[in-house]
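> Sequence:
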Amino acid sequence: MDCHEPTGQGAAVGREVLIPVLYDGEDLPSVAAATGLSVPEVIALHSGTPYRVYAQGFVAGSPFLGEVVPALRLPRRASPRAHVPAHTVAMAASQTGVYPVASPGG
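Heads up, the sequence shown is in our numbering, so the first residue is 15 and it goes up one at a time.
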């Protein structure tokens with residue numbers, strides 16, 4: 015995932031952080047079905063894209079990353095989950111992120 019931020023002088027500020035991800039979540043098959051892609055294609059598209067940290071959010075340390083390639087963009091869940099395990103990778107619309115701690119989410 016790419017944390018570089020361009021400056022007015024064309025130089026990059028920040029650093030690149032590589033986050034190892036195990037793609038085995040319960041929503042992976044439904045994401046593949048909704049996008050018309052295979053599970054390996056979803057994994058390749060998501061993991062093959064560098065992401066910028068746009069903001070840190072609702073839970074301390076929770077990065078909002080973007081942008082997800084158009085083929086993977088899906089709306090938020092209609093019904094949020096009361097519990098999302100720590101370190102879960104999620105996508106909604108054009109963003110992706112990592113839950114640093116267990117929390118509600120959708």
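None of these hints come from the bench; they were simulated from the model.
Here the structure is a predicted model, which is why all the values come from computation and not from measurement.
Do not rely on the hints blindly, as some may be mistaken.
As the list claims (entries may be wrong) - What follows is a list of derived Cβ distance ranges for each label pair:
#: 1; residue 1: Pro-34; residue 2: Gly-80; range: 29 to 35 Å
#: 2; residue 1: Pro-43; residue 2: Tyr-68; range: 26 to 32 Å
#: 3; residue 1: Glu-55; residue 2: Pro-89; range: 16 to 22 Å
#: 4; residue 1: Val-53; residue 2: Ala-74; range: 16 to 22 Å
#: 5; residue 1: Pro-54; residue 2: Ala-106; range: 17 to 23 Å
#: 6; residue 1: Ala-47; residue 2: Ala-74; range: 30 to 36 Å
All C-beta atoms, glycine included, are put in the ideal place defined by N, C-alpha and C.
> List in ascending order the numbers of the hints, as given earlier, that are violated by the structure.
1 and 4
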